[in-house]
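Colleague: The lines below spell out each chain.
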Amino acid sequence: MSITYLEAIRLAQQRALAEDPRVFIYGQDVGAFGGAFKATKNLAAEFPGRVLDSPISEDAMVGLAIGAAIEGMRPIVEMQFADFSTCGFNQIVNQAATLHYRTGISCPIVVRLPSGGTPGGGPFHSQSMEALYAHYPGIVVMTPATVEDAYTMLLEAIALDDPVVFCEHKFLYYHLKADKLPEEALPFGKARITRPGRDATVVAYSAMLHEALAAAEELSGDGYDIEVVDLRTVKPIDTDTILASVARTGRLLVVSEAWPWGGVAAEVIARVAAEGFGLLDAPPQRLNARETPVPYHPALWGTHRPTASSVVNSLRQLLEL
Amino acid sequence: MTKGASPEQSMTYDRSGTGRGTREIARRAFRTMLEARILEEKLAALYRSGKIVGGVFLGRGQEALSVALGVHLRRGDIYAPLIRDQAGRLAFGDTILDTLRTYLGSSLGPMRGRDGNIHRGRPSEGYHAMISHLGAMVSTVCGSLIAKRFRGETGIVGATCIGEGGTSTGSFHEGMNMAAVEKLPIVVVVANNQFSYSTPNDRQFACSDMLIRAQGYGITGRRAIGNDLIDCLEVIGAAVAAARSGGGPQLVVADLLRLVGHGEHDDASYIPASMKESPLGRDCLTLAKEALLKREWISDAEISEWQATVEKEVEETATKVLREPAPDPAEEEWTAFSVVGKNLSGEDEQ
Numbered sequence: 097m098s099i100t101y102l103e104a105i106r107l108a109q110q111r112a113l114a115e116d117p118r119v120f121i122y123g124q125d126v127g128a129f130g131g132a133f134k135a136t137k138n139l140a141a142e143f144p145g146r147v148l149d150s151p152i153s154e155d156a157m158v159g160l161a162i163g164a165a166i167e168g169m170r171p172i173v174e175m176q177f178a179d180f181s182t183c184g185f186n187q188i189v190n191q192a193a194t195l196h197y198r199t200g201i202s203c204p205i206v207v208r209l210p211s212g213g214t215p216g217g218g219p220f221h222s223q224s225m226e227a228l229y230a231h232y233p234g235i236v237v238m239t240p241a242t243v244e245d246a247y248t249m250l251l252e253a254i255a256l257d258d259p260v261v262f263c264e265h266k267f268l269y270y271h272l273k274a275d276k277l278p279e280e281a282l283p284f285g286k287a288r289i290t291r292p293g294r295d296a297t298v299v300a301y302s303a304m305l306h307e308a309l310a311a312a313e314e315l316s317g318d319g320y321d322i323e324v325v326d327l328r329t330v331k332p333i334d335t336d337t338i339l340a341s342v343a344r345t346g347r348l349l350v351v352s353e354a355w356p357w358g359g360v361a362a363e364v365i366a367r368v369a370a371e372g373f374g375l376l377d378a379p380p381q382r383l384n385a386r387e388t389p390v391p392y393h394p395a396l397w398g399t400h401r402p403t404a405s406s407v408v409n410s411l412r413q414l415l416e417l
Numbered sequence: 111m112t113k114g115a116s117p118e119q120s121m122t123y124d125r126s127g128t129g130r131g132t133r134e135i136a137r138r139a140f141r142t143m144l145e146a147r148i149l150e151e152k153l154a155a156l157y158r159s160g161k162i163v164g165g166v167f168l169g170r171g172q173e174a175l176s177v178a179l180g181v182h183l184r185r186g187d188i189y190a191p192l193i194r195d196q197a198g199r200l201a202f203g204d205t206i207l208d209t210l211r212t213y214l215g216s217s218l219g220p221m222r223g224r225d226g227n228i229h230r231g232r233p234s235e236g237y238h239a240m241i242s243h244l245g246a247m248v249s250t251v252c253g254s255l256i257a258k259r260f261r262g263e264t265g266i267v268g269a270t271c272i273g274e275g276g277t278s279t280g281s282f283h284e285g286m287n288m289a290a291v292e293k294l295p296i297v298v299v300v301a302n303n304q305f306s307y308s309t310p311n312d313r314q315f316a317c318s319d320m321l322i323r324a325q326g327y328g329i330t331g332r333r334a335i336g337n338d339l340i341d342c343l344e345v346i347g348a349a350v351a352a353a354r355s356g357g358g359p360q361l362v363v364a365d366l367l368r369l370v371g372h373g374e375h376d377d378a379s380y381i382p383a384s385m386k387e388s389p390l391g392r393d394c395l396t397l398a399k400e401a402l403l404k405r406e407w408i409s410d411a412e413i414s415e416w417q418a419t420v421e422k423e424v425e426e427t428a429t430k431v432l433r434e435p436a437p438d439p440a441e442e443e444w445t446a447f448s449v450v451g452k453n454l455s456g457e458d459e460q
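If you read the sequences in order, they're chains A and B. The opening position of the first sequence corresponds to residue 97 in the numbering used here, with each subsequent residue numbered one higher. The opening position of the second sequence corresponds to residue 111 in the numbering used here, with each subsequent residue numbered one higher.
Do not take every clue at face value.
Calculated pairs, DSSO-like style, for lysine-lysine (alpha carbon to alpha carbon, straight line, at most 27 Å) [to be verified]:
#1 B/K430 <-> B/K152
#2 B/K399 <-> B/K152
#3 B/K452 <-> A/K286
#4 B/K386 <-> B/K152
#5 A/K137 <-> A/K273
#6 B/K293 <-> A/K137
Distance windows between CB atoms, simulated [claimed, not checked]:
#7 B/E443 <-> A/D321: 39 to 47 Å
#8 A/P278 <-> B/H243: 39 to 47 Å
#9 A/N190 <-> B/A155: 29 to 37 Å
#10 A/P219 <-> B/G164: 38 to 46 Å
#11 A/N190 <-> B/E434: 25 to 33 Å
#12 A/A370 <-> B/G164: 32 to 40 Å
#13 A/D149 <-> B/E426: 32 to 40 Å
#14 B/G164 <-> A/A281: 41 to 49 Å
#15 B/H243 <-> A/R146: 25 to 33 Å
#16 A/L396 <-> B/P382: 28 to 36 Å
#17 A/T182 <-> B/W444: 38 to 46 Å
#18 A/P151 <-> B/F315: 20 to 28 Å
#19 A/F373 <-> B/H243: 37 to 45 Å
Covered stretches of chain A, as calculated for chain B (at least 3 residues, CB under 8 Å) [as the list claims (entries may be wrong)]:
#20 163-175
#21 185-198
#22 233-241
#23 256-265
For the record, the hints were derived by calculation from the structure and aren't laboratory data. Since the model is a prediction, treat every value here as computed from it, not as a measurement. We put the CB at the ideal spot given by N, CA and C, even for glycine.
Given only the sequences and the hints, what does the whole structure look like? Please build it.
Modeller: Laid out in structure tokens, this is it:
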């Protein structure tokens, strides 16, 4: 048996629907059609009336979820693409994120964002929105990088009383496979040291974890021992694990598929610089997507985003500093 | 919330006056309008004396329309009032105490100084706390109604209000369309007070009559005379009853005039005198008083007594709230999360 990242997301939703009558799914084409990526395939038939097609109304989709959450439900909203969540941005950041602070009522909604670039995705089907939502107090932002995490973290997101933006990476949907799904997971909000090392730390998340791991593998041929940390959850951020890693290696590279300005990479570096300056043997570095919209042609796209090759280059520079 | 309409009190108003409860609904509506007016005069005074920070946004001139919705809702219904709904809020069960605590930022109020003025509610009691982004509450009401549908609760109504300017937002349109698609029991009342802040209607929308939008959404539209309490009670009462009995979404549009500025900082000089002097500019509280006196549903003596009672309560409550503790930054949790970052005892982990 081989389970893809996408299937793990479908199975997590299936399990949540089966185990918790408060859970329902709302989104465009999620019903009988099973969703644009088939993340809800067969769920409408298996759970009649609980997997509902919505109009193309991202604002109202999130608003509906918030109102239902106030009344005790556990809604999952599927954005067809993360990029379109900007049309529902107001409800997420001004209504869901502020509800508990203002009223004392929690807002247990999950907004699923099929995120990140794929060849041919272009400017409006490729975006990475995690920094945007992490900016606002009150929102948990998850960025699973593995099949196992996609499964356990989505279940965790549904069970959580706070609103969660769940950034699932489209490039990983079909590429990643696992033999079985875990019953146990790392504690909520904990980063994982995916590959231990001693010469430099690479902090990555989502699809960039795999570029970082490939880069570390390549550099191992040159005798370098690179530690790779998977953030897993962008907010809250596990600063302790990052600092502990930097304490071991003295060098830090943060890799993110998102744009650099005000991003997760910038946040990690700010925290390490502020709280662990003395641990650093070299200036901390970051590698982000280039500062243009995400290009359409694979030749441009492959250069726009960080890849194993560009991570290797960045690491070589860092190791020589 | 301590009051809340009982099912008996929230029966449909009947213009003929013969229906059971009709007289009582009208009396309660009028008394609540009076209460809202007196309370808001106190709020304005507190603002002018510097006791209220930020802003004060009054519903003067819109009390009849507002109260007609609040008075027809029951416990268990969902209500998302907007900026000029003091009367509707009080009818639904909000209190003078909660209002003053929110405006004055008391740590004992429902918003605990974290949010103020009209941004108050008790969501766990079906009373949503509005955000400033217009149109956003339509879909949250839809969501609460969906939740009740999932639980098999029937006979529930959700309601929200908005000004004509707010109907220009995408959020409003998305919410209305969604309500129509799901055939939800929602009543949306549009107070067409002719100006969105200072912008006149001819710069806000181009359709000849806002009511025709109901047809576009595939829902029932109704028109009320916005400063006529009797008409508002009848039209909105019928809309609420229709929604409650499976008639789907209801759009009520009422023309009226706000008899104050957008907030107390605004002198509303953009409203022409001719409009103020037209029938649209007649004060709904005065008209309601005349209508109820004419029907002998109320006496001058009763009005005087109600007025004195409410004035006393407002004054005493304001005095009490002014002495209440302000929120203490040292005691504030300073987290927007409900559970994240807290251990089971509720203390911060970090």
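Colleague: Decide, hint by hint, whether the structure agrees.
Modeller: Going through the hints against the structure:
1. Taking the CA atoms of B/K430 and B/K152, the gap is about 14 Å. The hint holds against a cut of 27 Å.
2. For the given pair, B/K399 sits about 21 Å from B/K152 by alpha-carbon distance, which is consistent with the 27 Å threshold.
3. Proximity of B/K452 to A/K286 is assessed by CA-CA distance (about 15 Å); at most 27 Å being required, the pair is judged to hold.
4. A hinted pair counts as satisfied when its Cα atoms are at most 27 Å apart, and B/K386 with B/K152 qualifies at roughly 24 Å.
5. Between A/K137 and A/K273 the alpha-carbon distance is near 18 Å, which keeps this suggested pair within the 27 Å criterion.
6. A threshold of 27 Å between alpha carbons decides the hint, and for B/K293 with A/K137 the separation of about 26 Å falls inside it, so the pair holds.
7. Remark: the range hint 39 to 47 Å for B/E443 to A/D321 is upheld by a beta-carbon distance near 43 Å.
8. Between A/P278 and B/H243, the C-beta spacing of about 40 Å keeps the proposed range 39 to 47 Å intact.
9. Taken as a hint, the range 29 to 37 Å holds for the pair A/N190 and B/A155, whose Cβ atoms sit roughly 31 Å apart.
10. A hinted range of 38 to 46 Å holds for the C-beta pair A/P219 and B/G164, which are about 40 Å apart.
11. Between A/N190 and B/E434 the CB atoms are about 28 Å apart, so this pair conforms to the stated range of 25 to 33 Å.
12. The given range of 32 to 40 Å is respected by A/A370 and B/G164, whose C-beta atoms sit roughly 34 Å from each other.
13. For the pair A/D149 and B/E426, the supplied restraint of 32 to 40 Å is violated, since their beta-carbon distance comes to about 54 Å.
14. Taking 41 to 49 Å as the suggested C-beta distance range, the pair B/G164 and A/A281 conforms, at roughly 44 Å.
15. About 29 Å separates the C-beta atoms of B/H243 and A/R146, a value consistent with the hinted range of 25 to 33 Å.
16. Take A/L396 and B/P382: their Cβ atoms lie about 58 Å apart, and the range 28 to 36 Å is violated.
17. Hint check: A/T182 to B/W444, Cβ distance near 28 Å, so the stated range 38 to 46 Å is violated.
18. A C-beta distance of roughly 22 Å is found between A/P151 and B/F315, which places it inside the suggested range of 20 to 28 Å.
19. The hinted range of 37 to 45 Å is satisfied by A/F373 and B/H243, whose Cβ atoms lie roughly 41 Å apart.
20. Coverage of the region 163-175 of chain A by chain B holds [criterion: at least 3 residues with CB-CB distance below 8 Å; count 8].
21. Here the region 185-198 of chain A counts 10 residues with a CB under 8 Å from a CB of chain B, which clears the bar of 3, and the coverage holds.
22. Counting residues of the region 233-241 of chain A whose C-beta sits closer than 8 Å to any C-beta of chain B gives 3, which meets the bar of three, so the coverage hint holds.
23. Counting residues of the region 256-265 of chain A whose beta carbon lies closer than 8 Å to any beta carbon of chain B gives 3, which meets the minimum of three for the stated coverage.
Of the numbered hints stated above, those contradicted by the structure are hints 13, 16 and 17, listed in ascending order.
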